[in-house]
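**Student:** Construct the complete structure from the given sequences, taking the supplied hints into account.
There are 4 protein chains.
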Amino acid sequence: MNETINLGVIGAGRIGLLHIENILHNIPGFKIKAVAEIMIDKNLELKKKLERLRIPVITNDYKKILEDKEIKAVLICSSTDTHAKFIIESANYGKDIFCEKPIHYDLDEIRKALDAVKKSNVKLQIGFNRRYDHNFRRVRQFIEDGTIGVPHIIKITSRDPAPPPIEYIRVSGGLFNDMTIHDWDMARYLGGKQTGDIVEVYATGGVLVDPKIGTEGGDIDTCAVILKYENGAMGLIDNSRQAVYGYDQRVEVFGSKGMAKAENDTPNRVELYVKDFTRLDKIPFFFLERYMQSYTDEMKEFYNCLIENKEPSCTGYDGLMATVVAKAALKSLKENSPVKIKEII
Amino acid sequence: MNETINLGVIGAGRIGLLHIENILHNIPGFKIKAVAEIMIDKNLELKKKLERLRIPVITNDYKKILEDKEIKAVLICSSTDTHAKFIIESANYGKDIFCEKPIHYDLDEIRKALDAVKKSNVKLQIGFNRRYDHNFRRVRQFIEDGTIGVPHIIKITSRDPAPPPIEYIRVSGGLFNDMTIHDWDMARYLGGKQTGDIVEVYATGGVLVDPKIGTEGGDIDTCAVILKYENGAMGLIDNSRQAVYGYDQRVEVFGSKGMAKAENDTPNRVELYVKDFTRLDKIPFFFLERYMQSYTDEMKEFYNCLIENKEPSCTGYDGLMATVVAKAALKSLKENSPVKIKEII
Amino acid sequence: MNETINLGVIGAGRIGLLHIENILHNIPGFKIKAVAEIMIDKNLELKKKLERLRIPVITNDYKKILEDKEIKAVLICSSTDTHAKFIIESANYGKDIFCEKPIHYDLDEIRKALDAVKKSNVKLQIGFNRRYDHNFRRVRQFIEDGTIGVPHIIKITSRDPAPPPIEYIRVSGGLFNDMTIHDWDMARYLGGKQTGDIVEVYATGGVLVDPKIGTEGGDIDTCAVILKYENGAMGLIDNSRQAVYGYDQRVEVFGSKGMAKAENDTPNRVELYVKDFTRLDKIPFFFLERYMQSYTDEMKEFYNCLIENKEPSCTGYDGLMATVVAKAALKSLKENSPVKIKEII
Amino acid sequence: MNETINLGVIGAGRIGLLHIENILHNIPGFKIKAVAEIMIDKNLELKKKLERLRIPVITNDYKKILEDKEIKAVLICSSTDTHAKFIIESANYGKDIFCEKPIHYDLDEIRKALDAVKKSNVKLQIGFNRRYDHNFRRVRQFIEDGTIGVPHIIKITSRDPAPPPIEYIRVSGGLFNDMTIHDWDMARYLGGKQTGDIVEVYATGGVLVDPKIGTEGGDIDTCAVILKYENGAMGLIDNSRQAVYGYDQRVEVFGSKGMAKAENDTPNRVELYVKDFTRLDKIPFFFLERYMQSYTDEMKEFYNCLIENKEPSCTGYDGLMATVVAKAALKSLKENSPVKIKEII
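Protein chains in written order, with our numbering: chain A, 1 to 345; chain B, 1 to 345; chain C, 1 to 345; chain D, 1 to 345.
There's no promise every hint is true.
Just so you know, same-sequence chains aren't split out, so a pair can sit in one copy or run between any two.
Unchecked claim - The calculated lysine-lysine pairs, modelled on BS3-like cross-linking and capped at a C-alpha distance of 27 Å, are:
| no. | residue 1 | residue 2 |
| --- | --- | --- |
| 1 | 31 | 69 |
| 2 | 85 | 300 |
| 3 | 261 | 334 |
| 4 | 212 | 257 |
Quick caveat, the hints were computed from the structure, so don't treat them as lab data.
**Tutor:** Structure (structure tokens):
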């Protein structure tokens, strides 16, 4: 864990900043040499913050990162539409890459990016952080080590505490690309080799939380999905933009030898018994509370892959497939009919 | 609770006997005056048992029950194909009726039975005992009293501990009529007036537990289903014929104001902490352990309806609709496409 | 389970009636031939109830039970001060005996009763029903089968939902004889051969719930106790007359190889997630809800002991020892000093 | 949170290093300017580690910290016998002080230290980190805000996963000073103003885990304690040096209006259902896993107290009283009799 690797970060919005602070606190092997943020000159508060964090190079020009030969690896945390482009350029410069999900909404753009990675023989890890969640990883272990046998039914519940602003929803790529994207990947992660990949999707949904999400956002806010896997296993996903009780994140895998079920994390283990009922505190409010450790753990894997010259476990192909399944789901929703994945690929 | 009502029971197989013993122990207001079982002369053990239980009339002829003017109400626990016929005859004799589910696999036969009931103005309660389960009823209460707001997502997990013999599966009417039948009703019960009725079904399934269930039984053993309700809410059901860890019976309703989730009953509340893990005892093995109280409670309702001249809450229409949804699901499975309920009705 | 044994019940107060109805419903091998209740002529409602239950002999004279040669066994459910007397007389008549706890507050009276039982060679089972509770029995099994090794620490929490009337408290024999009596026995039951018997008690307590319990009742309402066992293990007991959240009944045994912990039963398994917290329903309100099954199971053991000519597992000696420990605790409370059991015996 | 305070750390053993790394990661307001460790020249690995952490001054001479005028506050993490001495010297130099528990085993030494603090008018916070544990703090909140009313019974379970080496036990000050010390403080913390302070202790214990702890270590390894509070409430504590299932850390407070109960933290929320039982992963192994957040939170409080010129909530008096109660417990154990706190003070 002693070798230091210089890192450049492209994009310092919410998720970029999260990675920056996380690396400074928890991944001593990474040294963040430069942060490129296109809005940096207009966002003085951000600039000050980065200065206070002693980032040596703070720039609005990502080229400075690519051209810096001391920088071995790049974190792409910019807006989704630029991910593929930055992957390609970074690969061309020979940088190893960690890219936030999704790679792109357009499959051809994704394929071009993956080709560039392949050609340059650099590493690419996609930021599906939930694969590193302590709960979901434990469930995956019980599948991998055979404890619960062959998976027959995989269930994912994923509900946000409150919907984002309508403005965000309009440009979000839609529920299936914005929110369910994690679940498409989770469904593939949990199934793994035991189920084979997803082969068919039936997706349905509606506007139940807030009519404006439909009328003004052009999106749905609630969905229910059935997946089919190569081995015949079935997946069930449900999403809502608004769980008033908090960030509801659960999975369950039922197999031939047993079931593993991950309930929500709890803020503490206190049970309050009063006259009318027994009370537990609310589950964690949102992804910062729930998934912080997973951001650290995915970054540790990225670091280890660079140090030990290993391929990341969450690959560019995984990034591609999550978008493929999202597209199939969108088609299914429109046609109210199951859609085969091979129609999309 | 003091008035005694004479009862006749038609059919003394597993479920008939269960009701008989349950009534003797727990429903003092009912007096079982007669039991008619077509096989009684070949099943001497059963005969002895009924004698030991001091049933006054034990016969192979159900007519004796219908013609007995002291008998006010009839329990129909015979084989499924005879339910409709016995409902009609009992109604014609003016008896109030408790009938095991399902009423029939044929919708016309069900309708004829319901017509006879209507014409004779007798009461008819269908034996969807899970409506009386302490857990599911509590969830329903939280919906009815508005605690969790308007339901958006309704989830039902129902898995048997082990598949029945292939011979049984062949004549069972198929998974959707035999096992999911409870879930079709549960989905309607939980939704209630808040969601309106089920309007569409997408059902998928496969043979994952035992190939013979497919090849010799002509059935599936695992399924995943999405329902749509009038109000736009979505339902997700999953079934398996074999949960090696026991009888897995859970529901969850997610609404605009919260979520109510019923986990499995537990045999005790002991937690064992040993070197390698913490251990809890297995969940109840099968329906006798899990649903015993619900059988008592549905019979109490039946008794109260007779005494107070009220309509049972689990009606003939509920019996009809469960079979309607099962038919829609079967069509959906065959066509791999969602099916509207109004196509079936 | 087929042989019928005629039973006489002496005392038809709350607990007597509970046993009577329980036997009628659940122990078909017992036939209650006679009930003797000294107040029967003044309590017409009770008389009617017993008639409705079709008890053949209803009398105010317990001698009628003792003299009835068809009656093989007697249930003593009268007031505590008469238990020893009825044990002696029943033994002299050669009846097997089930006696409610405690046998007597006076150790000499208890010894006389046990001597009479021994001389007549009849069976005597004491009604420490909590030994038959599904939770506590499961904990005991984990001790007996070696799963948790040698017990080092045994903890019992026992709290009533609300204090009884002051009038009751005055004649109750005091908290240690009335409420903790169950815990003295539970402490001995859980420890068993693995810890050996209790050798020392330090008891402390106070009036925290209601000052009148002290001033008018002459008693305490809250206590904390430390026990020492032969093998050096320690026991911790706490009691309160008023747990506003319900009937709190838990045990925990910590041993060299692990811990078994019995939490409270729950009325259902529904978790309600709302805006401010997660909610579970209240634990069972009082002993009828919590311990009903244990009353059935102790009576089944009594029946089996008679049929199979076995000694009951909850013996007269257990009845004696619970009172011995209660006396030691009372002495300890008065002197604020630990008291050795052998000082009392 | 922006002002930087220079800190010196005296003692860089296990706990000192824990604080150093914790501060570097999580308390950006503190700058560790110097670390004094008497063994530093013999422990080159430690020296390298501190250099890698870029500590400006690494020395074997604590005077360098005291004489450094830029250093405003001192962390005392040296061996217990030196705590009082370093408090006094630090106070004389006008440094604010965070001192690990216990202050000293000798009450006079503690008093001298507290006097020096008072005279110099510096701040002193004692490192009872468990007060900052998320679970226990939540329980305390339910007491403070009146949710559970007046406390009647306070229970603390604290069991280590495995005993330390005999050599450590010999110099540990004994179980009551080494392990129960946290519980004496926890008992006072939970009771707070609602119960008033502890007034009496009855302590008992024995050697149940490993005979060598007695024969060679001169100590006990298991204990059970009853406390009495000013308001009449009772406390029950149990400790064991060896819980094979992990680090068992629970509290429960029962009051006039309810109960708050803190169960153990869990490593994840996965439930595994297999053929024979349901399984949960082990509880956290030891204090690093369990209490890490509490070390951060106590240091945050220390920082805030310095910045905002507030008195720390965990005071020198709290440090004194924990040792007072430990002494009373030791006397009680020797005499097998309850001991009043005022006999010790």
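**Student:** Next, verify each hint and record whether it holds.
**Tutor:** Right, here's what the structure says about each hint:
| no. | hint | result |
| --- | --- | --- |
| 1 | 31 - 69 | within (14 Å within a copy, 32 Å between copies) |
| 2 | 85 - 300 | within (25 Å within a copy, 43 Å between copies) |
| 3 | 261 - 334 | neither (32 Å within a copy, 31 Å between copies) |
| 4 | 212 - 257 | between (45 Å within a copy, 18 Å between copies) |
When held up to the earlier numbered hints, the structure conflicts with hint 3 and nothing else.
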